[in-house]
Amino acid sequence: MTSQHVKYPAWQREFEAAIAEDDPKTLRQRVDAAESAIFVRLQNVVGDEEGQALHEATQRLRVIQKDKLGYPDWNKR
Amino acid sequence: MLAQPLRRRTVLLVDDNAVVRTLVRRLFAVEADFEVSGEAENGREAIEKAVNLRPDLVILDLAMPVMNGFAAASELRKSVPDTKIILFTVEEAEGIDRLANEAGVHAVVLKHNAPELIPQARSLLDSEDEADPGKLRTAS
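First to last, the protein sequences are chains A and B. Take the first sequence: its letters are residues 124 to 200, numbered as in the working numbering. Take the second sequence: its letters are residues 2 to 141, numbered as in the working numbering.
None of these hints come from the bench; they were simulated from the model. For every residue, glycine included, the Cβ atom is placed at its ideal position computed from N, Cα and C. Hints should not be assumed to be uniformly reliable.
[What the hints assert, rightly or not] Partial list, derived from the structure: chain B residues whose beta carbon lies under 8 Å from chain A:
(1) 18
(2) 70
(3) 91
[What the hints assert, rightly or not] Away from chain B, derived, C-beta distances all over 12 Å, residues of chain A:
(4) 128
(5) 129
(6) 130
(7) 131
(8) 132
(9) 136
(10) 139
(11) 140
(12) 143
(13) 144
(14) 145
(15) 146
(16) 172
Given only the sequences and the hints, what does the whole structure look like? Please build it.
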C-alpha cells in the first residue's frame, strides 16, 4: 500500500500516517487515529481482501505500540 | 401494585482509544438496562476505578499501555470478584481464548462486531452461573 494508491480511503491514509510517523511525540496520536479509523471500518461489512488488509494493518499497529510506544506484550505472561 | 424500577447494570469501559470508548458508550447509552459508570485508559487505571465503582461489568481492551487486558483481568478477578469481564479485542490470534480463559475473562467479543457487546453483556449478567474459567463465551 502506498499513498499514491489509496485503495481503502476509509482508513488507509490514517494507517500510512502512523507507519510513516518518526516523531515520538506525535506517534501515539497517529496510531490512535489509525486504530480509530480501522475500528469504525470494521463495523461495516467488508470483503475478504479488505478484511485481510485490515488484519495486517492492525498487526503492524500492534508492533509499533509494543516496540515504539512501550505497550506491554500480552503474549508474554 | 407499583412496577419495580429497572435496575441498571453498571459498566466500566476500558480502552486506550478514546474513539472506541465513545462508540461503545453510545451502544450502551441507548439500552435502558445499562449505565456506563466510568472509563479507563489502561489496565492499571481500570483496577483503581473498578475498586471504587464496583461495576457489574467491565468491557476490557487487550492491547493497552501500562497494563494490558490479560494482566488487568487477573487483577480484577481478585479485586472485584463479582464483576463480569468481557474482553473486547481485535485480536483473532490462535490461543487468545485460552489466554483469556486463564486470565479469568468471562466472554470475548471481537471488535469487528461491536453491537454484539450488548446481547453478550445481557446474557452474561442474566446468567446465574458463577464465573467458571471453563465457560468462556466467545462472539465473533
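> Does residue 18(B) pass the interface hint, meaning its C-beta sits closer than 8 Å to a C-beta of chain A?
Replying inline: holds (5 Å)
>> Quick check for students: does the CB of residue 140(A) sit more than 12 Å from each CB in chain B?
In response: holds (15 Å)
> Since residue 172(A) was said not to touch the interface, does its Cβ keep a gap of more than 12 Å from each Cβ of chain B?
Replying inline: Nearest chain B Cβ is 15 Å from residue 172(A), so the label holds.
> Since residue 128(A) was said not to touch the interface, does its Cβ keep a gap of more than 12 Å from each Cβ of chain B?
Replying inline: holds (24 Å)
>> Would the non-interface assignment of residue 131(A) survive a Cβ cutoff of 12 Å against chain B?
In response: holds (15 Å)
> Taking C-beta pairs only, is residue 136(A) more than 12 Å away from all of chain B?
Replying inline: holds (16 Å)
> Any Cβ of chain B at or closer than 12 Å to residue 146(A), or is the non-interface label fine?
Replying inline: holds (18 Å)
> When you look at the beta carbon of residue 145(A), is every beta carbon of chain B farther off than 12 Å?
Replying inline: The claim stands: residue 145(A) keeps its Cβ more than 12 Å from every Cβ of chain B (closest is about 20 Å).
>> Hint validation: residue 91(B) versus chain A, beta carbon distance must be below 8 Å. Holds or violated?
In response: holds (5 Å)
> Is the nearest Cβ of chain B still more than 12 Å from the Cβ of residue 132(A)?
Replying inline: Nearest chain B Cβ is 18 Å from residue 132(A), so the label holds.
> Taking 12 Å as the cut and beta carbons as the points, is residue 130(A) off the interface with chain B?
Replying inline: Fine: 19 Å to the nearest Cβ keeps residue 130(A) off the interface.
>> Confirm or reject: residue 143(A) is not an interface residue toward chain B, with every Cβ-Cβ distance exceeding 12 Å.
In response: holds (20 Å)
Checked against the numbered hints listed earlier, the structure breaks none of them; every hint is satisfied.
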